[in-house]
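Could you build the full structure based on these sequences and the hints that come with them?
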Amino acid sequence: MKIAYSHLVQHIIQNPSIEEISNSLFQLGHEHEIDGDILDMEFTPNRGDCLSINGLLRDLAVFYTIDLNQEVFTDKINELQIDFKNLSKNICPKISFLKLEIDQVPKTYKNSLENYFIDLGLNKNNFFTDISNYLSYETGQPTHCYDASKMDGKFLFHEIKKNEEFETLLGKNVTLTGKNAVFTLNNEVINLAGVVGGKSTSCSEDTKTVIVECAFFQPESIIGKSVKYDIQSDASHKFERTVDPECHDKVLRRFINIVSRHTTIKDMSIISYKYKDNVAHQIPINVEKINQIIGINISEDRYVNYLTKLGFGIDEGHIKVPAFRSDIRTNNDLAEEIARVIGYDNIPSKDISIPKSHKTKSKDIENKLRYFLLDHGFYEVINSPFVGLSSDEAIKVDNPLDSNRKYLRTNLTDSLLDNLLFNERRQKESIKLFEISDIYSSNDGIQKKRKLSLIASGRVGLNYEDFSKKINIKYLTSLFKQLIPEVVFDFQLLTRDLLDTKIKNEIISLEIDIDKFSNSILAYEEISNPPYNFNEYRPISDLPSSYKDISYSVKDLSKIKDLQDLLLNYENDIIKDIFIFDYFVNEKIEEIKIGFRCIFQSKIATLTSAEIEAVYSDIVNQTLDIKGVTIPGM
Amino acid sequence: MELLTSFGFEIVDGPEIETEEFNFDMLNIKKSHPARQMHDTFYVENKLNLLRTHTSPVQIRGMLKKEPPLAFISGGKVFRKDDDATHLPMFHQVEGIYVDEDVNFSQLKDLIYKIIYSLFGNDIKLRFRPSYFPFTEPSAEVDILSKEGNWLEILGCGIVNPVVLNNCNIDSNKYSGLAFGLGIERIAMLKHGVTDIREFYKSNLDFLSQFK
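As they're listed, the protein sequences go chains A and B. The first sequence: position 587 = 588 (our numbering), numbered continuously. The second sequence: position 44 = 53 (our numbering), numbered continuously.
Some hints here could point you the wrong way.
Only part of the chain A face toward chain B is listed, based on derived beta-carbon distances under 8 Å [what the hints assert, rightly or not]: (1) P220; (2) R341; (3) I343; (4) K429; (5) E430; (6) L434; (7) I437.
Which stretches of chain A does chain B cover? Using the computed rule of at least three CB atoms under 8 Å from a CB of chain B, they are [unchecked claim]: (8) 42-55; (9) 421-427; (10) 454-468; (11) 538-546.
Result set (EDC-like, lysine to aspartate or glutamate): computed pairs, CA atoms no more than 20 Å apart in a straight line [stated by the list, open to error]: (12) A:K357 with B:E76; (13) B:K200 with B:E157; (14) B:K40 with A:E160; (15) A:K357 with B:E110; (16) A:K290 with B:D111; (17) A:K577 with B:E208.
Quick caveat, the hints were computed from the structure, so don't treat them as lab data. We put the beta carbon where it would ideally sit given N, CA and C, even for glycine.
Here it is as structure tokens:
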């Protein structure tokens, strides 16, 4: 909600700057951004009472002296004769109507009404609707204006449960479905209650007689309607968050006052229907409880003083909650009021000591598995649970985001296979992935299983020791024997027959229940020591990459590690990756031939040959400094 | 999780498919709350159950089983109907709750300082600001100051609403509790400068290899 600084500060005696008001609002929990002289407010859903100038001023009153200085019409008003029936009093326990007839429609606006449109850059509509919109901004109470000349007939408020066509005052055609609280005139819907009025009875620039509706609707009957019918509505935003049920008379008298400052009122009448008394909620004064909740020690006088400034009443040892604060029901609610006034950052922290507990066994086993796989070159992935139908036992999502993915997956391997193909398309030569997740199925009730799945293909690793070895069932079986010698794992060789790929490497997978792993796994000592230290994240560039290969001859075999370490740890802004792509040991002549592929890619722009050549030369020069390392032909 | 268990919290687990009762009712989330709408929550099996929208129901189940003093943390997948650069239909949360006699907001602040300092170092600046959650009162959100000088929301916390304790058969006149919850992806994005949450779930080795 956008609120102009000038509209607030004109009511604050101390005349604080926008920064001072901003700090106060922030302390009170009202998030906002400042855009010039506009405060763009974002209120928590429990503070519907703040969605107006007056609402914010009520909160700011705890720091400043407020003078609302908003005149209202105070004379007696005749009772309105109107043929209206409320058939859903539980939804609308209070409603008022004001009928006004004016002499002339004013061409220009004065004072605060004009400033409202200018300062917030809003478009005008028609005289009565403009006042209605302004009053919603000033008081927080939405009102709706009907052109009285279009309102002859049987006027009802009720909840309907049938499909109805309805054209909003902005010309949008809506088909109402399900239950909707509406106003009807001669059985035609003329207002979707609390959301938007209809075109057929709306005011125009020529309207001289208006019926202003001022109502309280139960939030439950309004919530979700604006989203359901895709209607942006200030009124529904406020009604969903609860409005002040006690403000009708003041708001309508303010309406009259503003009209009277612009034109001559020829006739006016008013009626208010109240079907249920609003009894003020009371909470016994208990400052000890407040101090206990927050962990402070304030006096009762200070406590009562803060609440009084916020508009709470005090009556015979009780806090009387004002009608506009429907969110306050308990001492915890009051404690939050006090904490806001003191300022959360001003409340000192006190040392906390929680008795030590033990971790659960299943997580220890899972974590050991994780460390074991990470230590052996696997990467952990997490996949979306939403898939197309994969099994008769798959659980169906009633309201999926994507109708092609309306089931919960019943295995992890299918997702991992997609991950593998994704990386193969990116020329990854060693792919080792795993996922640990719950899997749900519907088979005589919901069944839950916690699974480990892994998939691997290509080279065992991209270091000189593993480069020549291909991943196969034998490799994985022997790897897992290190962890659990007593169990034989059922690794599967997945066929590539139906896959859209030309790569021939074997794909090996395993999917197993976590509870198949016993405590013996806890003896595994991880090589890596989490949490891992990682560098600043480098965004993945979409710019084209290119590569250059370097083939070395290493005659001094003890230097192979130095060469590998230098290259695999070489860092430069345009080096995306360096890995071994060829490795051959000629034992007869005691020579290793090793090839490295350098992938170049910039995050900023497509690389030039000169940029690549400069880095390539630096790599070559540094590696040739290692004794016993040569590049054949160079 | 290891950090939090070192503070004394016990890890509890629970199902990702939940009932409305545990996901909403027990947590003082009203029937009319917008979060319950079909556009915010995934329902399954003809609205019989739902995909949990937070890990709080795990704590509810824990509190029903154990009497105070208790200190639980629950971590895992949660689901909401969102899909853009900063929101995903599935993400991860860690939530903690501590219930004992005389637990108060000052102690909650101390705990949050300890968590944030452990994650981001002792030099990080943080602030508390009032917020709203149906299951805590008072409620707070905590921001950290980025290198660029912007305040970034990092977690939500508060004093457990007595209604929630009573729902779990815990005497709210005798016991009080503190609770906090944070989004793992959000923390990772802030800590490592990842700007698109979707990167975490593409399974791209170029991405994954940076976090090993």
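Task: K40 of chain B paired with E160 of chain A [C-alpha distance capped at 20 Å] - done: holds (19 Å)
Open item on the list: Taking beta carbons only, do three or more residues of the segment 421-427 of chain A come closer than 8 Å to chain B?
Closed with: holds (count 3)
Task: Interface hint outcome for K429 of chain A [beta carbon to chain B under 8 Å] - done: holds (5 Å)
Task: Coverage criterion applied to the segment 538-546 of chain A (partner chain B; beta-carbon cut 8 Å; 3 residues) - done: Contact hint for the segment 538-546 of chain A vs chain B: holds, 4 residues under 8 Å.
TODO: With chain B as the partner, please determine if R341 of chain A meets the hint condition of a C-beta pair closer than 8 Å.
DONE: holds (5 Å)
Open item on the list: Check the hint pairing K577 of chain A with E208 of chain B against an upper bound of 20 Å on the C-alpha distance.
Closed with: holds (17 Å)
Open item on the list: How does the segment 42-55 of chain A fare against chain B when you require at least three residues with a CB closer than 8 Å, holds or violated?
Closed with: holds (count 4)
Task: Given pair status - E110 of chain B, K357 of chain A, alpha carbons within 20 Å - done: holds (17 Å)
Open item on the list: Under 8 Å is the threshold here; is the Cβ of L434 of chain A close enough to any Cβ of chain B for the hint to stand?
Closed with: holds (7 Å)
TODO: Please work out if K200 of chain B and E157 of chain B have their alpha carbons no farther apart than 20 Å.
DONE: At roughly 13 Å apart (the allowed maximum being 20 Å), E157 of chain B and K200 of chain B satisfy the hint.
Open item on the list: For a C-alpha distance cap of 20 Å, please report whether K357 of chain A and E76 of chain B respect it.
Closed with: Within the cut-off at roughly 16 Å; holds.
Open item on the list: Hint check: K290 of chain A vs D111 of chain B, CA-CA at most 20 Å. Holds or violated?
Closed with: holds (10 Å)
Violated hints, listed in ascending order, are 3, 5, 7 and 10; each of the other numbered hints is respected by the structure.
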